[in-house]
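Trainee: From just these sequences and the hints, can you work out the full model?
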Amino acid sequence: MRRMLALTWKELLQIKRDPMTMKMIVMVPVMQLLIFGYAINYDVKHMTTVVMDESRTFESRELVDKMQATGYFDIIGRVDSYQELRTSIDSATALVGLVIDRDFGKDSHRGAPAKAFLIVNASDSTTSNQATGIVSGIASGISLKVLSTKAGWKSAATPVDLRIRPWYNPELRTADFIIPGLIAIVLTFTLVQFTAISIVKERELGTLEQLQVTPITRWQLILGKIVPFVLIGYVQTLLMVVLMGWLFEVHPQGSVAALYLLTGLYIAAVLGLGILISTIAQTQMQASNMSMMLVMPFVFLSGYVFPIGGMPTIFQWLCKLVPANYAIQILRGIVLRGATMRDLREPIFWLSLYTVGIIGLAVVRFKKTAE
Amino acid sequence: MTPAVVDPLVQVREVTRKFGAFVAADRVSFDVPRGQIFGFLGPNGSGKSTTIRMLAGLLAPTSGTVTGFGGLDVAKDTERWKQRTGYMSQKFSLYVDLTVAENLRFFGSIYGLSRSALKDRVGELASRLKFEPLLSSMTRTLSTGQRQRVALAAALLHEPELLFLDEPTGGVDPRGRRMFWDLIYDLAAVRKMTVLVTTHYMDEAEQCDRLAFILNGKLIAEGEPGDLKQGLRGRIFEVSPSGDPFTLLPAAQQSGALEDAYLFGIRLRLVATHDGTADAARLADSFGPSQTTEPTLEDVFVSLARRQAAATDKVQS
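These protein sequences, in sequence, are chains A and S. The numbering of the first sequence is the working numbering, which starts it at 6 and goes up by one. The numbering of the second sequence is the working numbering, which starts it at 405 and goes up by one.
Any given hint might turn out to be false.
[Claimed, not checked] Below, computed lysine-lysine pairings styled on BS3-like, alpha-carbon distance capped at 30 angstroms:
#1 S:Lys596 - S:Lys534
#2 A:Lys28 - A:Lys206
#3 S:Lys534 - S:Lys480
#4 S:Lys495 - A:Lys372
#5 S:Lys422 - A:Lys372
#6 S:Lys422 - A:Lys21
#7 A:Lys71 - A:Lys120
#8 S:Lys633 - S:Lys622
#9 A:Lys21 - S:Lys523
#10 A:Lys50 - A:Lys150
#11 S:Lys523 - A:Lys206
#12 A:Lys155 - A:Lys71
#13 A:Lys120 - A:Lys155
#14 A:Lys111 - A:Lys150
#15 S:Lys495 - S:Lys480
#16 A:Lys206 - S:Lys596
#17 S:Lys495 - A:Lys206
#18 S:Lys534 - A:Lys372
#19 A:Lys21 - A:Lys325
#20 S:Lys596 - S:Lys495
#21 S:Lys523 - S:Lys534
#22 S:Lys534 - S:Lys422
#23 A:Lys372 - S:Lys596
#24 S:Lys495 - S:Lys622
#25 A:Lys50 - A:Lys71
#26 A:Lys150 - A:Lys71
#27 S:Lys596 - S:Lys523
[Stated by the list, open to error] Covered stretches of chain S, going by a simulated chain A footprint (3 or more residues, C-beta under 8 angstroms):
#28 457-470
#29 485-492
#30 497-505
#31 508-521
[Stated by the list, open to error] What follows is a set of in silico ranges between Cβ atoms, one per label pair, in the way DEER data are often shown:
#32 A:Ile319 - S:Gly424: 56 to 66 angstroms
#33 A:Ile285 - S:Thr420: 24 to 34 angstroms
#34 A:Lys372 - S:Asp501: 22 to 32 angstroms
#35 S:Thr420 - A:Arg223: 16 to 26 angstroms
#36 A:Val31 - S:Asp477: 45 to 55 angstroms
#37 S:Asp613 - A:Val31: 28 to 38 angstroms
#38 A:Lys372 - S:Gly575: 28 to 38 angstroms
#39 S:Thr420 - A:Met290: 30 to 40 angstroms
I should point out that these hints are in silico values taken from the structure, not numbers from a laboratory. What you are looking at is a predicted structure, and each value in this text was computed from that prediction instead of being measured. No residue lacks a Cβ here, since even glycine has one placed at the ideal position from N, Cα and C.
Mentor: Here it is as structure tokens:
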């Protein structure tokens, strides 16, 4: 125990003297929280829109006004020719183009289908899907109103009354969805690299060998070296939980104790990955690059920003191999849904399995490379 | 060929270490006597470091045993073994971002020294190894010689009975080397510490109580320096040629009566084969005034290496 503490004390002293590491401990969570919290938003408002209204009637203006009223479309101009509209879309000055047929007003009076075209720049599929969805909704609303008037219904009640209740994130804010998972991403980002570099550095300098001639055991050596990084991981988690509440009003709905306990499980997994990298990398540079390479799939295949449900089957299988996936499921569960450990038993089971596997492999490999 | 050592501190038996197909140490056996300086001599890559690393418990032998300290086995009692040994390598291995005192406090705690014992020990070593004024300096700012003394102190904190030094004086200036060796003698003579040192400096080897020659992973000779030289006594001729010694060298090297011939300053040194002493003496006289001299360890090593190569050739053909 005393040996382990001596190692931990030494490690903390070295971290304290390294301004770069000290900055990274705080800056990485803060920067990522600001970028992912404020910058990423799947809900795109104010889509630039040009209108080519050939009808110029009450009915056509009603359609345009309704679109504008949603807040999703900014009418930035009216054009008179199809050519002009095409230029706006081609040059990306406008994302959406609305063309209203010359007979739009006349047709709606006659009871014939009134024609309009919605042109979207579908190179960004998220935005274009959103635009078409909203405008289709408006069109159905108008159609329904016309039909009910024609049928002479008194009330405006619709045949199907679908009421939407977005649970856990009623305002449908992207930040709420992303931020809890950020804890896992930040821990991966900093701790894998810190651990790998701290071990490779000792090997490069020869101090690891000097440690190995002392009576310290392999477990004492590994534990003594990773305890400081567990502490750093908890400092970062605490910092992010506080900032989440303070900046984004995202407060854990479930047990905070469970949150810290299960975060600890994930911290153990990433530290294991750091040790594994240290057994492969020969230099600090390699260790740093390998850690960065590892972060990529952890960000993209963990369901952190890209939904796993939308991926081809093979990628969905690959996602199952990424421990961050389970950590993010657990974090979202506790923070957003107030899930209990019982509710989360499946991701907890998988995360535990990976953690034990990674640590076991790391210790075995560490022994081999120690020679 | 191994003369029995009475009550050795460490016994090395048939130790082999392979790295893939490469045999770095090949059935090495020897005894380390107590309280002596035991030198390991051999060219770079001969397997000296591999052997010393196995003795220090850093590397597990592929086969063979290392036992000592009254019944401990390095493979089984690793922790207790390491508590009784110290190790210092050529590569400087202290933390450069800690102060000298912090480094010593850290290694002392790892060896399980109590706070008060540690304080006394650091003070004692700092005064003995003359780095007291450096205790609060950041290790990064130390010179090579200073670092070496601090590293030695780190290896001595827990008062090991056996100290391993793996090419300890690499990159140190002659004055630093002299100072370092004085400390080593003091440790062996006064504190009865056993020292196992690898080196390729012949002058350092000359100072050891006992030597082992390593070549291509094999221990080719082992014993006290005087005994090792015995076989070559009377076979070394030193000639002060009247003419240019350089022109005489090819002729000397051709001679069947000589094992080796080389220039030694402006003189020529001839090493006779076992049966060629008479012929060699005649040859030496023909070159100029000559006399037999005391063999050096270098002569011993070259002669042993040559015999080893000849033996290997015989086996292969």
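Trainee: Are the hints correct? Go through all of them and say.
Mentor: Structure-based check of all given hints:
1. S:Lys596 - S:Lys534: 21 angstroms, holds
2. A:Lys28 - A:Lys206: At roughly 19 angstroms apart (the allowed maximum being 30 angstroms), Lys206 (chain A) and Lys28 (chain A) satisfy the hint.
3. S:Lys534 - S:Lys480: 38 angstroms, violated
4. S:Lys495 - A:Lys372: 22 angstroms, holds
5. S:Lys422 - A:Lys372: With a Cα-Cα distance of about 17 angstroms, the restraint between Lys422 (chain S) and Lys372 (chain A) holds, given a limit of 30 angstroms.
6. S:Lys422 - A:Lys21: Status violated; Cα separation ~42 angstroms.
7. A:Lys71 - A:Lys120: 16 angstroms, holds
8. S:Lys633 - S:Lys622: 19 angstroms, holds
9. A:Lys21 - S:Lys523: 24 angstroms, holds
10. A:Lys50 - A:Lys150: 26 angstroms, holds
11. S:Lys523 - A:Lys206: 29 angstroms, holds
12. A:Lys155 - A:Lys71: Holds, because 21 angstroms separates the two Cα atoms, which is no more than 30 angstroms.
13. A:Lys120 - A:Lys155: Within the cut-off at roughly 19 angstroms; holds.
14. A:Lys111 - A:Lys150: 17 angstroms, holds
15. S:Lys495 - S:Lys480: 28 angstroms, holds
16. A:Lys206 - S:Lys596: Given that 30 angstroms is the threshold and the Cα spacing comes to 36 angstroms, the pair is violated.
17. S:Lys495 - A:Lys206: 14 angstroms, holds
18. S:Lys534 - A:Lys372: 37 angstroms, violated
19. A:Lys21 - A:Lys325: Measuring from Cα to Cα gives roughly 37 angstroms; hence the hint is violated.
20. S:Lys596 - S:Lys495: Holds, because 26 angstroms separates the two Cα atoms, which is no more than 30 angstroms.
21. S:Lys523 - S:Lys534: 16 angstroms, holds
22. S:Lys534 - S:Lys422: 41 angstroms, violated
23. A:Lys372 - S:Lys596: 34 angstroms, violated
24. S:Lys495 - S:Lys622: 24 angstroms, holds
25. A:Lys50 - A:Lys71: The given pair, whose Cα atoms are some 15 angstroms apart, holds under the 30 angstroms limit.
26. A:Lys150 - A:Lys71: Given pair Lys150 (chain A), Lys71 (chain A) holds - Cα atoms ~14 angstroms apart, limit 30 angstroms.
27. S:Lys596 - S:Lys523: Answer holds: Lys596 (chain S) to Lys523 (chain S) is near 23 angstroms, not above 30 angstroms.
28. 457-470: With 5 residues closer than 8 angstroms to chain A, the segment 457-470 of chain S meets the three-residue bar; holds.
29. 485-492: Per the Cβ count (5), the hint holds.
30. 497-505: Coverage by chain A holds here, the residue count being 6 at a Cβ distance below 8 angstroms.
31. 508-521: Check passed, 6 qualifying residues.
32. A:Ile319 - S:Gly424: 56 to 66 angstroms: Distance hint for Ile319 (chain A), Gly424 (chain S) is violated at roughly 37 angstroms.
33. A:Ile285 - S:Thr420: 24 to 34 angstroms: Hint holds: Cβ distance 28 angstroms, inside 24 to 34 angstroms.
34. A:Lys372 - S:Asp501: 22 to 32 angstroms: 27 angstroms, holds
35. S:Thr420 - A:Arg223: 16 to 26 angstroms: 24 angstroms, holds
36. A:Val31 - S:Asp477: 45 to 55 angstroms: 49 angstroms, holds
37. S:Asp613 - A:Val31: 28 to 38 angstroms: 58 angstroms, violated
38. A:Lys372 - S:Gly575: 28 to 38 angstroms: Check passed, 31 angstroms falls within 28 to 38 angstroms.
39. S:Thr420 - A:Met290: 30 to 40 angstroms: 36 angstroms, holds
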